[in-house]
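Number of protein chains: 4
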Amino acid sequence: MEKPTVRIALIGHRFMGKLHSHAYNMVQQLMDLPCRIELAVLCGRDPVALKSAQNAWGWREASTDWRAVVARNDIDAVDIAVPGNAHAEIALAALAHGKHVLCEKPLANTLGDAQAMADAAEASGKVDMVGFNYRRAPAVVLARHLIEEGLLGKLFQVRGTYLQDWAVDPQVPLTWRFDRAIAGSGSLGDLLTHVLDMTRYLVGEFEQVTAVSHTFVSQRPLPANFSGAGLGHAGQAAADAFGSVDVDDVTAVLAKLQGGVVGVFEATRFATGFKNALCLEVHGDRGAIRFDLERMNELDYYAVETATPTRQGFRRILATHPDHPYMQYWWPEGHIVGYDVTFAHEIYDWLSAIVRSERVAPDFMDGLRCQAVVDAIATSARDGVTVRL
Amino acid sequence: MEKPTVRIALIGHRFMGKLHSHAYNMVQQLMDLPCRIELAVLCGRDPVALKSAQNAWGWREASTDWRAVVARNDIDAVDIAVPGNAHAEIALAALAHGKHVLCEKPLANTLGDAQAMADAAEASGKVDMVGFNYRRAPAVVLARHLIEEGLLGKLFQVRGTYLQDWAVDPQVPLTWRFDRAIAGSGSLGDLLTHVLDMTRYLVGEFEQVTAVSHTFVSQRPLPANFSGAGLGHAGQAAADAFGSVDVDDVTAVLAKLQGGVVGVFEATRFATGFKNALCLEVHGDRGAIRFDLERMNELDYYAVETATPTRQGFRRILATHPDHPYMQYWWPEGHIVGYDVTFAHEIYDWLSAIVRSERVAPDFMDGLRCQAVVDAIATSARDGVTVRL
Amino acid sequence: MEKPTVRIALIGHRFMGKLHSHAYNMVQQLMDLPCRIELAVLCGRDPVALKSAQNAWGWREASTDWRAVVARNDIDAVDIAVPGNAHAEIALAALAHGKHVLCEKPLANTLGDAQAMADAAEASGKVDMVGFNYRRAPAVVLARHLIEEGLLGKLFQVRGTYLQDWAVDPQVPLTWRFDRAIAGSGSLGDLLTHVLDMTRYLVGEFEQVTAVSHTFVSQRPLPANFSGAGLGHAGQAAADAFGSVDVDDVTAVLAKLQGGVVGVFEATRFATGFKNALCLEVHGDRGAIRFDLERMNELDYYAVETATPTRQGFRRILATHPDHPYMQYWWPEGHIVGYDVTFAHEIYDWLSAIVRSERVAPDFMDGLRCQAVVDAIATSARDGVTVRL
Amino acid sequence: MEKPTVRIALIGHRFMGKLHSHAYNMVQQLMDLPCRIELAVLCGRDPVALKSAQNAWGWREASTDWRAVVARNDIDAVDIAVPGNAHAEIALAALAHGKHVLCEKPLANTLGDAQAMADAAEASGKVDMVGFNYRRAPAVVLARHLIEEGLLGKLFQVRGTYLQDWAVDPQVPLTWRFDRAIAGSGSLGDLLTHVLDMTRYLVGEFEQVTAVSHTFVSQRPLPANFSGAGLGHAGQAAADAFGSVDVDDVTAVLAKLQGGVVGVFEATRFATGFKNALCLEVHGDRGAIRFDLERMNELDYYAVETATPTRQGFRRILATHPDHPYMQYWWPEGHIVGYDVTFAHEIYDWLSAIVRSERVAPDFMDGLRCQAVVDAIATSARDGVTVRL
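Order-wise, the sequence lines are chains A, B, C and D.
The first sequence maps to residues 1 to 389 in the working numbering.
The second sequence maps to residues 390 to 778 in the working numbering.
The third sequence maps to residues 779 to 1167 in the working numbering.
The fourth sequence maps to residues 1168 to 1556 in the working numbering.
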């Protein structure tokens, strides 16, 4: 039987657009996908860069008019890979036109937008997904399996950090990531959301948060061409113009989660020495796990072994065995995968769900719940109060 | 010239008494002490165990009457190694009799006691010290030196944990460590105080704290002989009697420190898989350090090297070089030292300060300041408010 | 100006063919290549699997007749990704038809074949390369740069291992990797060659070797369909037929290298617990480096700092900074790359050399020199003598 | 019942004498010894330093005449802690006078001496022991237990190194450790013997060795006072006099051991960056272990878990649980021990064996067997041949 075809429009041709395009190519070429895919249209605002990206990444068409694209009948699915302030409008339009939607994280910059998106997705019956890609690192899925099988027992504590250091230098220019109007928040929306989602995935729902935020560098040089939109960290600063940072450089949170779990969380761009340390530790009465994105292929697992206490220890599982999640598609055991495969796994599962008319997690409702936690954290940090969810 | 002699009385013959005795023997035999010491009297409540300890550890006399001992003219210095609820009474009596005093941590179970002790010590002119021994791990002193030399630059963040897991099993009996009347608090006083002191030592004073505490196991079997007092973690549980835990199993804190430093702290006895993970990470604009007590001989140090960004990385310093703090007294490079040397270093510095009539840190004022932070944390956790110091 | 086009034929559609195809797609889409490439023909022996591979990986044509393909005028470059016993015939034919050739490692199964290939390549004036892909892990190139800049000083010692454990189970069937006629040797040709090449790249030429080899499991079940050819480790064993292993499970070598460097090397498929530990340590009088393929994105670097001996330590460099070799093409700092990028880097450099009519290393001469060391090791292990090169 | 008393004479008051003295004090004060001990006489050649050491370490008498001391009737046991060239004469005299003997490693500088010592010990019926103290690191004993219980299954391979770097600087003076007449050999006798003994303890007997040795720095400045004898690594160099190094800086060995185990070993003083890396890895068909003396409190253990291959990984066991070997005498779990406890454990076991009239391992026969391997390695390295044992 012929495999069905899913025709895709990708909105965004900057860094995230590149990663998503690469992921589409990987799922087609290397994974056993239950459908064929057509890289139909790549959308963006800069016609020249867009054309170049279209050719390099193998998209059939390019368009600067996303509204027209999401309305087309020959598009089945829309992938939104632009900054958070544009998510809601695009996603709502795409859903209104009956498209399946994959939306980058965080789902939206405001709780209202997120709510509208989740409502629309629920009403649409289409397959909606939010791009918390780190859920799909093989080691993280393995952690979920261990927890589901009860190997950690009753959970007590979770400890999560996302530590980066690229903002330490005060000469790092005021790109969109420092601009609340575009990014929604700083380390909170950019980094902590990943930790929050991973915690929801592995541990459960948040019930209460108490937070502090701080901005260490409040003025930064304006970039030469201050337009924003998805170009990663670096950039060229203008000679002498400075602008105000209105987002958090660090946000830290004390939380209570369902089942009485105690959580401590922190995201920062000022953790000198750490480049990408999304770390999660979960402790239960039968075991514990520990994950660090800088060593993405590894999961540390500790089993309580009451009968042989002298043999207990955190074991480093190199999650590259063919039986590890997704790893049958990649390399022989011990040959590690990179950051990019998390996007391939995400897209693989989204496309598979589309073909099978099933739900997939994390969906917009997950994105909304995560956003509700973000909102509570922002409120707590602003008002100095504990916020219940 | 003959070295002066310091005549010592040690109050406490349980685990801490053993460690202190061992430390006295080490400083005498292995370090170049500016005085001779006399292990004059060992005090305790259990005459049989006391006698046995006296003989094993080399004390000239034993006594069950500490009041009489601290009043004796042939004693110069009193070392208090009993649980926190007895600290104030003994220390005040010893100071009143003109003795130098070394007191185990935490200084006291209440802020009032701590204040009285610090006042008395200040008035006495004697050499007072509180036993935050981990300050004197060579790697921690090295961290202090790096920070003092400016190698970390302006400090941004500190992250401290003290993770243990011995309380996870609900059958662990209700020893004194779970009893507020004796221990003052749980993970807060027992574990977090070490983190707080180390933070004060390396980073600076606390200005504000927001905390949560939680008790996971609220009923525990009573030990067969429920008397408490310093016997470590284990113990034999009575057949069927249970008692209530009235201390915290975990305490977590968000803090602001002087100079705008943001701190996140956590102490817990429920971090399955961790045995003694007193970890501290400090980030500044020129560098960072990282310490873990489970690997006490190591300090990770990261230097920002703007000109050669491709060579930056956390370096693992094995703090066993003869030029590392205190290490000229121990083994050849690469041959590690154990937990016990931190007590030898502490006692060495206390005795040296006595001989030289100098102050030594951490003194009772440090103990008081630490206790003030503990108090603020307890208040914050109880009332759900942020507390300024 | 229009970029030139390089038209490629890939011989081999099994695991290595898949990896090379993926690499071509990556260099096209993600790297800034100085040419356009045409994935012209994919060659293989199994028509059905070949067709499926052709479609999945984006090759314009498929062919089961490699001889005809390498003779075609519309092919510029031939990439040989089949087991070692077929390398010489294909490479010699391709060179004879004036093609640039990239050949998987080891260059050949015999020294005679390797010599003939190197001679033909030298005579051809074409761009020849041998696929020692691990040279192009960013961390390994960084190690080379550190050594070239003199940061390790005069070199003393090198220590290299390639540790895997997939052969420990005696039920692992007798695939082609255990068959001397196809594979040439066992751990020696499959694994140690990578270590030898990396050593030549970082340290220098071998002058003398003394080796031992051993086979722990001499009989293995025949696979259900014993045909061999490149499908990774696993396979289904036939019910009851066994065959003899005639290759080495482990080979270990003591070596002297140019400049008086002492080397110790080992490759094994029986190192229970290790999955892919290609480790190299190089020590000089000014510094040292350490690499482990299981943590491919990291390089440990130690600098002798005579003036500050208390700050010395191996630093873990996460080789993901945009200034690290090749990393401008990949992800933001701290987001790791996988095993596959080493092939992309190799192919990128081969294609770039073709466009620029330059040599590239490692070329067939490097492959020959590596094979000469392999030959000397095999002789030494067989005859129990030290062999000079 | 009164415990018997063992009266001890210690020969050697330099670094090893200090460590042994410290160990006697620890076993008395902190371990549950089945005897009382009397630190009767400390022997040495330098009367002033000897007197000072006697006082500091608690020895009742001091003597510069070891011959007289080992003949005394009020001495039960002789502990020899001087360089290897003096071992045989002292040990033979002590045994002849009916003393129990503990002798530092290596047992002797020549095989003949070692044989004579083992013969005399066997004939004496006294408790003889050789000081391979690292056997008694708790993690190493744990490794032995795991192997004895069959948890590693049939053994395949062992890989051992002892890496230090203190000799890299050519200005390090020509102390006794570079003098064959005193030390017997260089890295071979000083470092590799520890690896060989640990291998014999954990894996089994050596059957065949092939070795290379090399000296990187052949001339070194003479120390200001070139007398030798046990003072560790450093020393002050004379202004301009140089002398020849006649020992090995590095020795590497390929070996076959009983049961078909393949071994690769290396000891070096030129491994820049490593301070004390005595590492041992043992692989069997059911598991593996890994030990590194720089992290002496840890043992890595890997269990083959065929049914759950996705959970396999090297676990880091922190060997500080009260059930770990010897750890009931030390600190609470997670509080590490130092290098010095290995001597305490050794002396504890020697004294216990004396009291119980039992043998203890490693005895002089073990020392002899180790020396036979050393001899075979030296022969192999000198003559370029494989030597069978």
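None of these hints come from the bench; they were simulated from the model.
Some clues are possibly wrong.
Quick list of in silico lysine-lysine cross-link-like pairs, DSS-like style, CA-CA up to 25 Å [claimed, not checked]:
id: 1; chain 1: B; residue 1: LYS515; chain 2: B; residue 2: LYS392
id: 2; chain 1: C; residue 1: LYS829; chain 2: A; residue 2: LYS3
id: 3; chain 1: B; residue 1: LYS645; chain 2: A; residue 2: LYS256
id: 4; chain 1: C; residue 1: LYS796; chain 2: A; residue 2: LYS3
id: 5; chain 1: C; residue 1: LYS1034; chain 2: D; residue 2: LYS1423
id: 6; chain 1: B; residue 1: LYS392; chain 2: D; residue 2: LYS1185
id: 7; chain 1: A; residue 1: LYS18; chain 2: C; residue 2: LYS781
TODO: Please write out, lowest number first, the hints stated earlier that are contradicted by the structure.
DONE: Checked against the structure, no hint fails, so every one of them is satisfied.
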